[in-house]
Every structure is written in structure tokens, then in C-alpha cells.
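Enquirer: Which chain is which? The protein sequence lines are A and B, in order. Residue numbers in the first sequence follow the numbering used here, run continuously in steps of one, and reach 132 at the last position. Residue numbers in the second sequence follow the numbering used here, run continuously in steps of one, and reach 248 at the last position.
By construction, these hints were calculated from the structure, which means they are not laboratory data. Treat the hints with care, since some could be wrong.
What the hints assert, rightly or not - For each label pair, taking beta carbons as the anchor points, the in silico distance ranges come out as:
no., chain 1, residue 1, chain 2, residue 2, range
1, A, 127, B, 68, 40 to 46 angstroms
2, A, 127, B, 247, 20 to 26 angstroms
3, A, 87, B, 247, 39 to 45 angstroms
4, A, 77, B, 108, 54 to 60 angstroms
5, B, 118, A, 117, 51 to 57 angstroms
6, B, 103, A, 79, 21 to 27 angstroms
7, A, 127, B, 170, 32 to 38 angstroms
8, B, 245, A, 116, 24 to 30 angstroms
9, A, 80, B, 202, 41 to 47 angstroms
10, A, 116, B, 131, 44 to 50 angstroms
11, B, 246, A, 116, 27 to 33 angstroms
12, B, 21, A, 120, 25 to 31 angstroms
13, B, 207, A, 117, 42 to 48 angstroms
Here the structure is a predicted model, which means the values were calculated and not measured. Note that beta-carbon positions come from the ideal geometry of N, C-alpha and C, so glycine has one too.
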Amino acid sequence: VVLERVLPGELQARGCESAPRVCSEIAARLEALRFEPSAADSPEAVFARLGARGARA
Amino acid sequence: MIAAAAALGGAAFVLSSLVVSVRLLLLARRTREIPEFVLGLGLLLMGAVGYPLSTIARLEAFSHLQAPLFAIHSALTLLAQSGIALFNWRVFRPAEGWARALTFGFIGTLAAFFVWQSLGPGWAPFARTDRGPWAAVEVYTLVALGWAGVESLLYHLKLRKRLALGLADPIVADRLRLWAVSMFSAFACAACVSILRIAGVPMTAELTGLLVAPLALTIGCAVWLAFLPPRRYVERVAARAARAA
């Protein structure tokens, strides 16, 4: 969302001519990266596990 | 009509608690994780077993069994509320000393009140008058449920901010909202019962139908949608989040 909607406008407002291309390039490279999932005991991870459809008994 | 509403609300709460708690306990058996075990245990003892047991204990037909039924129900409440407190600490504040102290203080003092009631006045006077050391359980219930509601609401609001940036799962954010709804409904239910008892208003079937039944129905539905969401509900939440992004 930031790279698609916010950053291009902000860069263009500051004189960057190829802002959309730069942003889409950054987004493509970020998508290719693998990030560590959030810690297994974070509230987010716990609640994801508690209601995951695959875990249904 | 009011009796039917009371029965519907109670049945939804008991059924939802039973199914969801069994599912969570089976999940805990696989994962060996504490949160699903304590939450499953809490829902099973509080909703699936404790709620019907407390109803039976107050029936005229079982008046000769009131003392043992109250003792069993109180033991289940002790375990269930301890489970909710442990869940709050382990999931939301695992590194914070105050949360750990609050949890162990909560469990220790509640267990002390249970022992005091059992070895002191006994359960027969408590069953007749709702008075005695164990009466403190009302405050403990409000603390455990209120804490659970506040923590899940705060985390839901945090995830909503991340959601706007595409940095959170909308289904998980919604699950925290539903858990907050169920805990605040349970808090409101317990608070209503306590206020009526303090005011000396007897809990009639009409009052149960008017006050407790809608809240019990809300808890049942919220717990079901949170932990056993139908596919269509999940798709609707995801679509709403995609539209908002």
C-alpha cells in the first residue's frame, strides 16, 4: 500500500521523475525476499494458530 | 417467550464452548503449546460444564445436592478463571513482571479462598446465601474477563493500524476483535449478576432471559466465529479488508 499509493506521490512531489517505476521496482524486489514469520508466541501468531482452518479437529 | 430466549442463549453458549474447547484441546495435544491448552480448558470448564452445572445446582429438584454441586462448580471456576488469567499473561504480556505477578497472585489467592470456604464454613451455607470467603470469586471473574477483553481489544486496534499498510492478516485482526467481544460480553454478564445480587434482586427466569441470554448468545456466536469460522465468513472478512486497502 505504501509503495503503490503513498511513496510515488511523495517522490514525484520532490522532483523524482520516474517515481512509479522506482516504487514498482522496490516492490518487486521486496516480494522476492523471504522474511522470518512473526515469533511463534506473539499474540498474532497465537491467534492465527487458534483459528486456522487447517488445524480444525 | 423469555424462557425460550434464555434457553436459546444458554444452549448457544454451551454448544459453542463445548465444540470450540474440544477443538482447542485437540490442537494443544498436537502443538504442545500452553495458550491453546489453557484457553480450551477455560472454555470447557466455564462454558460447556460449569454453566449447565450452575443452572442444575440452583434447581429445586436438586436442593439436596446443592452443597456438593456448588463445591464442584467452584472448583471448575477456579481452574477456568486461572486458565483465562494464564492465557492473558502468556499471550499478551509474557515478558512483563507485573503480569506474571498478577497471574500467580490471582491463582494463589483464589485457590486460598476456595480452601478457606471448603475447610471453614463449608459449601452448604454458601449455596443458601451466596455469602462466605468464596463470594470474592465475583471480583476475580471480573478481573480475568476484563483483562482479557482489554488486552485483545488493544491488540486488535494495533493490528488495524498495520492492516491499513498491508502489514497484518485481516482474519487474525478480526479474531482478536471477536475474542474481545466475547470477553466483554462475559464481563457484562458477570457484572449484571453481581449487581443484582448486591441489590438483593433474585435471579428469576425472566431476568435470566432478559439479561443473561442475549449476552450468552453473543459470547457463543463470537467464540464460534473466532475459532471455528465458516468459510463464507472468512471470505467476507478478507474481501472487506481488500476493499478497504
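Enquirer: 32 to 38 angstroms was suggested as the range; check whether the CB atoms of residue 127 (chain A) and residue 170 (chain B) agree with it.
Expert: violated (19 angstroms)
Enquirer: In this structure, is the beta-carbon distance linking residue 246 (chain B) and residue 116 (chain A) contained in 27 to 33 angstroms?
Expert: holds (32 angstroms)
Enquirer: How does the Cβ-Cβ distance of residue 127 (chain A) and residue 68 (chain B) compare with 40 to 46 angstroms: does it lie in that range?
Expert: holds (42 angstroms)
Enquirer: When you take the CB atoms of residue 103 (chain B) and residue 79 (chain A), is the distance between them in 21 to 27 angstroms?
Expert: The hint (21 to 27 angstroms, Cβ to Cβ) is violated, given that residue 103 (chain B) and residue 79 (chain A) are roughly 43 angstroms apart.
Enquirer: Range hint 51 to 57 angstroms: satisfied by the CB atoms of residue 118 (chain B) and residue 117 (chain A)?
Expert: Violated, since residue 118 (chain B) and residue 117 (chain A) (Cβ atoms, about 36 angstroms apart) do not stay within the stated range.
Enquirer: Can you tell me whether the CB distance of residue 87 (chain A) to residue 247 (chain B) sits inside 39 to 45 angstroms?
Expert: Distance hint for residue 87 (chain A), residue 247 (chain B) is violated at roughly 25 angstroms.
Enquirer: Could you say whether the range 41 to 47 angstroms given as a hint is met by the Cβ separation of residue 80 (chain A) and residue 202 (chain B)?
Expert: violated (55 angstroms)
Enquirer: Range first: 20 to 26 angstroms. Now tell me if the beta carbons of residue 127 (chain A) and residue 247 (chain B) are that far apart.
Expert: For residue 247 (chain B) against residue 127 (chain A), whose Cβ atoms are near 23 angstroms apart, the range 20 to 26 angstroms holds.
Enquirer: With 44 to 50 angstroms as the target window, see if residue 116 (chain A) and residue 131 (chain B) comply at their CB atoms.
Expert: holds (45 angstroms)
Enquirer: At the C-beta level, are residue 77 (chain A) and residue 108 (chain B) separated by a distance inside 54 to 60 angstroms?
Expert: violated (44 angstroms)
Enquirer: Taking 25 to 31 angstroms as the stated bounds, is the beta-carbon spacing between residue 21 (chain B) and residue 120 (chain A) within them?
Expert: holds (26 angstroms)
Enquirer: Return holds or violated for the Cβ distance of residue 245 (chain B) and residue 116 (chain A) against the range 24 to 30 angstroms.
Expert: holds (29 angstroms)
Consistency note: the structure conflicts with the earlier hints numbered 3, 4, 5, 6, 7 and 9.
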